[in-house]
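Residue 334 in numbering that gives the first Met the number 0 is what sits at position 335 of the sequence shown, and the numbering runs on without skipping anything.
Hints may be right or wrong, so weigh each one.
[Said to hold, decoys possible] Straight-line Cα separation of at most 30 Å, BS3-like style, residue types lysine-lysine; simulated pairs:
(1) Lys123 to Lys107
(2) Lys136 to Lys122
(3) Lys410 to Lys107
Honestly, the hints are just simulated from the structure, not real lab data.
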Amino acid sequence: MSQQRFSLWSVLVVAIWSSVDMPVAIAQDWPVWRGPTLDGHAPQRAAATVPVVWSENQNVAWRATVPGKGHASPIVVGGGIFLLTHEEQSKTICLLKYNASDGTPMGKWVLHRGVVPPPYLHKKNTIASSTPSSDGKVVFVVAQVGGAIHASAVSVEGKLLWQRVVAPYRAGEGWFGYGASPLLVGNALIVPVETDNREGGLFALNKLNGRSLWRAIRPQVTGYSSPILARIAGRPQILISGGYQVAAYQPQDGRLLWQVEATSRTTCGTMVWKNDMVFASGGFPESGTYGVQVNQQGAKVVWQNRIKCYEQSMVVAGDYLYGFADNGIAFCWRCSDGQEMWRQRLGGPVSASPLLVGDRIYASNERGVTFVFRASPQGFQLLGENVLGDSSFASPVYADGKLFLRHASYKNGVRQEFLVAISEKEK
Numbered sequence: 000m001s002q003q004r005f006s007l008w009s010v011l012v013v014a015i016w017s018s019v020d021m022p023v024a025i026a027q028d029w030p031v032w033r034g035p036t037l038d039g040h041a042p043q044r045a046a047a048t049v050p051v052v053w054s055e056n057q058n059v060a061w062r063a064t065v066p067g068k069g070h071a072s073p074i075v076v077g078g079g080i081f082l083l084t085h086e087e088q089s090k091t092i093c094l095l096k097y098n099a100s101d102g103t104p105m106g107k108w109v110l111h112r113g114v115v116p117p118p119y120l121h122k123k124n125t126i127a128s129s130t131p132s133s134d135g136k137v138v139f140v141v142a143q144v145g146g147a148i149h150a151s152a153v154s155v156e157g158k159l160l161w162q163r164v165v166a167p168y169r170a171g172e173g174w175f176g177y178g179a180s181p182l183l184v185g186n187a188l189i190v191p192v193e194t195d196n197r198e199g200g201l202f203a204l205n206k207l208n209g210r211s212l213w214r215a216i217r218p219q220v221t222g223y224s225s226p227i228l229a230r231i232a233g234r235p236q237i238l239i240s241g242g243y244q245v246a247a248y249q250p251q252d253g254r255l256l257w258q259v260e261a262t263s264r265t266t267c268g269t270m271v272w273k274n275d276m277v278f279a280s281g282g283f284p285e286s287g288t289y290g291v292q293v294n295q296q297g298a299k300v301v302w303q304n305r306i307k308c309y310e311q312s313m314v315v316a317g318d319y320l321y322g323f324a325d326n327g328i329a330f331c332w333r334c335s336d337g338q339e340m341w342r343q344r345l346g347g348p349v350s351a352s353p354l355l356v357g358d359r360i361y362a363s364n365e366r367g368v369t370f371v372f373r374a375s376p377q378g379f380q381l382l383g384e385n386v387l388g389d390s391s392f393a394s395p396v397y398a399d400g401k402l403f404l405r406h407a408s409y410k411n412g413v414r415q416e417f418l419v420a421i422s423e424k425e426k
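Working from the sequences, and respecting the hints, build out all of it.
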């Protein structure tokens, strides 16, 4: 990555702390979970190169095989795509690198050896489900290894810089295995370890050496949601749901800013926001989507419904919130009061999070189908229904003028993963 690009990423981090509006970051990169603006939005110009229709033989720029298994979404940094995977035969967790232009493999680095899935790992989960994060020079990876969560820092050239145990991770009631993604805030790497014992919490590590900066106490409840940074009510806040609450923490020291009773015991999705409203959905054992209003004094729930967007996150477009529920029904709600504008059955089940490209939403289900529909409160408008492979758990991302999809196909009982680049530039 050029020095100019890295400087732009540094400007982004500062801007997140000082500006109410999230800026569009590095022109060609998708460096972290939910993208450069942390909300699942691609740059407006992406609509010119990302098609609404594709297939195995149409609008596929390139396809690359992915060894092993993982549900982590790709990130794109400086022309390279980074992907986490677990290879059962070699019992390794590896970081992979591909060329974003043509899919050529550029590196494979073993981060952990002797790794086997825990006996309680849910059939829909993997031990490579956490999306990496990057500051442009270093890729940060979090993974469950045995009975602990480990964090690693790897240069974009593949050099292991440091590796640390974040916290113990012991099996308890309702455990499905780890799956949250880390959050970069300035020089801190924020790692959630949501457990039903006292050893969990929200942990901040120094990204330069992995040393502990602070720990925020969280409810002693198993959870899988990833934290996200937003500027709400005039100040930057780390948002996270779970443990029957929605909460916000101060990025500098992890101090609790506010919390409100909402959602269910267990959530998986990452929160989204619009002005002074934040939104969360879950979960287990209860289902529900919540709109919470935040001010300088605290927060309050202003609307809720019983819709379940459990593993997947939602997306805000304009003044409206869009969700692709577990049962395969897409919803549009008004942000301010939760008024349902429309609902449409598409087909589930759903684990991937939607991506906003211009005025279009790209939403994949677990069966390899990616639906493209208009982000409009006026009514549902299907633009495309596209199938690649048989399985899709990773979320679609945009970078380098392309849409990137991680999916799997089954042939003669053998599962093979692929990374695919979709673009109208290639026929």
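What's the verdict on Lys123 and Lys107, does the C-alpha distance respect the 30 Å limit or exceed it?
This hinted pair holds, its Cα atoms lying about 25 Å apart.
Can you confirm whether the C-alpha distance between Lys410 and Lys107 stays at or below 30 Å?
OK: Lys410 and Lys107 at ~25 Å, within 30 Å.
Given hint Lys122 paired with Lys136 - CA-CA distance at most 30 Å:
Answer violated: Lys136 to Lys122 is near 34 Å, above 30 Å.
Hint compliance for this structure: hint 2 alone is broken.
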